[in-house]
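Single-letter residue listing:
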Amino acid sequence: MLELNAKEQDIKLWAAFTSGSEKAFSTIFNDQAKALFRYGTKFVTDEELVKDCIQDIFVKLYRNRQNLSQTDNIRLYLFRALKNRLLDEIYSCKETISLSSPTDFLEQKGVEEVEEEESWNHTLRIRRLKKGIETLTPRQREAIYLRYTMEMPLDDISELLQMNYQSVKNLLHRSIEKLRKEVVIPFLIIIALIY
Amino acid sequence: MKENLIYRTFYVEQWLDDAYFLQWVKHPGQELDAVFIPMLNERSEVSIKMRTAIDLLRNMDQTDHQLSDKEVAEMWENVSNRTLNSKKLLNHYSVWKKVFLSGAAVLLLAIVGTLFIVWKNSQQVDYFTLAKQMMPNTIKDARLIIPGKGSMTLSNRMEVVLGRDGKISLRSAQGEMVSLENSVSSGKEMGMLVVPAGKRASLLLADGTKIEVRPSSQVIFPVKFGEKKRELFIQGEAFFEVSKNKHWPFVVKTDRINVEVLGTSFNVEAYSGNKEQSVVLVNGSVKVNTDGRNAIRIHPNQKYAFNEDHQIETVEDVDVNLYTSWKEGYFLFNSEKLNVVLEKLSSYYGIQFHYQEASMDNIRLSGKLDLNNSLEVALKVISTTTPIEYQLEKSYVKINVRH
Chain A
1 MLELNAKEQD IKLWAAFTSG SEKAFSTIFN DQAKALFRYG TKFVTDEELV
51 KDCIQDIFVK LYRNRQNLSQ TDNIRLYLFR ALKNRLLDEI YSCKETISLS
101 SPTDFLEQKG VEEVEEEESW NHTLRIRRLK KGIETLTPRQ REAIYLRYTM
151 EMPLDDISEL LQMNYQSVKN LLHRSIEKLR KEVVIPFLII IALIY
Chain B
1001 MKENLIYRTF YVEQWLDDAY FLQWVKHPGQ ELDAVFIPML NERSEVSIKM
1051 RTAIDLLRNM DQTDHQLSDK EVAEMWENVS NRTLNSKKLL NHYSVWKKVF
1101 LSGAAVLLLA IVGTLFIVWK NSQQVDYFTL AKQMMPNTIK DARLIIPGKG
1151 SMTLSNRMEV VLGRDGKISL RSAQGEMVSL ENSVSSGKEM GMLVVPAGKR
1201 ASLLLADGTK IEVRPSSQVI FPVKFGEKKR ELFIQGEAFF EVSKNKHWPF
1251 VVKTDRINVE VLGTSFNVEA YSGNKEQSVV LVNGSVKVNT DGRNAIRIHP
1301 NQKYAFNEDH QIETVEDVDV NLYTSWKEGY FLFNSEKLNV VLEKLSSYYG
1351 IQFHYQEASM DNIRLSGKLD LNNSLEVALK VISTTTPIEY QLEKSYVKIN
1401 VRH
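Chains as they are written, first to last, in this note's numbering: chain A, 1 to 195; chain B, 1001 to 1403.
If you're looking for bench data, these hints aren't it; they were derived computationally from the structure. Be aware that a few hints might be false.
[As the list claims (entries may be wrong)] Here are the computed lysine-lysine pairs in the DSS-like style, where the Cα-Cα straight-line distance is at most 27 angstroms:
1. B/Lys1344 - B/Lys1368
2. A/Lys83 - A/Lys34
3. B/Lys1380 - A/Lys181
4. B/Lys1287 - B/Lys1140
5. B/Lys1224 - A/Lys131
6. B/Lys1167 - B/Lys1228
7. B/Lys1327 - A/Lys60
8. B/Lys1224 - B/Lys1380
9. B/Lys1026 - A/Lys83
10. B/Lys1026 - A/Lys7
11. B/Lys1246 - A/Lys34
12. B/Lys1026 - A/Lys178
13. A/Lys169 - A/Lys83
14. A/Lys181 - A/Lys131
15. B/Lys1210 - B/Lys1026
16. A/Lys60 - B/Lys1368
17. B/Lys1287 - B/Lys1167
18. A/Lys169 - B/Lys1026
19. A/Lys130 - B/Lys1229
20. B/Lys1275 - B/Lys1244
21. B/Lys1287 - B/Lys1275
22. A/Lys34 - B/Lys1224
23. B/Lys1344 - B/Lys1210
24. B/Lys1327 - B/Lys1026
25. B/Lys1275 - B/Lys1224
26. B/Lys1026 - B/Lys1140
27. A/Lys131 - B/Lys1380
28. B/Lys1287 - B/Lys1253
29. A/Lys83 - A/Lys131
30. A/Lys60 - A/Lys130
31. B/Lys1070 - A/Lys23
32. B/Lys1275 - B/Lys1246
33. B/Lys1070 - A/Lys83
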């Protein structure tokens, strides 16, 4: 029920935009910019490049608005556009763009200070989780982000990743397994020590 | 809804595969609370697995790069300037006339006045005196100055387009074109395109000649060329693609060099502080004469240089890409001395470097340097391939050689 509503809303909003509503255009931008950015930085670490690409996509959409096809899923539409655009950028100038590399995650976020003693356990696990995510392939990171942060249905993910439904399921399963091993084993050891 | 019993056999991966569980963690609600909370509160194997799954799910986002609200607002500003507000851009440029009347234009009037008189009386323009009056590095954005009209601030990478009728238009980097009101001239005026450090601009002349002007440079040109020759002046560096016309010679002047062209593309480098001025020819053929010496003809892939200290002219074969790559957005170096690299960065980014020249005598660099990045990125790249350290200060960058 809820999903149907969301689809209807997207159809309406998109139609308003393509027929020239400035308000619809700004709503779409402001709704999607943050999610697009998080998605884009899964492929490329250069944040400015991702920002530029997002802006370019919206400018292009606006200029072509009369010729755009309908969509009932704006987020998927934009994610696809951003991904294509970023891949183009990556292939057209290989030398100058740095692809996401594991170490960037660590450097960027740093390690948060542990404030309370009881959160120590928790912080330790987050730290391990971050490390775990670094060991994933970019494709696994992308799938995880789409599924668990964006809560995207598997069908949409399989479209973005150009994989079939079952392969996406397997991909997610393997990624989670990898993460769990990073996080859970030490966690259990700690429990064992406490008891 | 699955039976509770089935959940009891779940391992972590399966929990994360369960749509109800995912929905509950992300958007808790009464109906699902009733199913999951009791299980979570058990002190059992099930609750440990559930907690692990929840933990994974909640913390995965923490590794993301995030945009702040302020950044989103800035991005929207850019997007709407390029879309919704592009009509407003037009209005902005019709302010042209008012700029001329405003107090800020007084200095420009003086320059422009001199220029106009000189041009009219002798057809011999004292470009150099003129160029000195408006140094590129005293302004922040590129500027177009036209006599009797005033001055116009240009956004980065804008192209100034001169029409055959003397009408001037501006094309933005995004392709929007605006023609300037009241810009039709008698054809006798000169224009100045002044480009400060870190900015670029280009000029499309009525004869089809295209000039890419580098940062820290300026071009002085007639809005309409004279009948005998097409002549303009450059200080700094620019790349020319001259449209061919045997009967209408094209002459580029610097304060030292005259380059006479019959349809060709080439790069001229003549920064006011540098001891060497040069012309690099990509194709076609040009004649160069300096300070009234005999003209020297150079061929494609050759570089003519004049060294002020030794008063010597040289012609050598070069890889032209090394000299023209800047217009594609990167510098290309082939075993170039580090201090030369720094000089180029200095004029491109408009920042001073402090270093001891002797200490870097033996350091040479080869490769491609992307100019779309910030100065700091460029320095980072250099410091990973050479033994230098840099320190960013407020108004300069200190470079030390590591030992």
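Q. Which earlier hints turn out false for this structure, listed by number in ascending order?
A. Per hint list: 3, 4, 5, 8, 11, 15, 16, 17, 19, 20, 22, 24, 25, 26, 30 and 32 violated.
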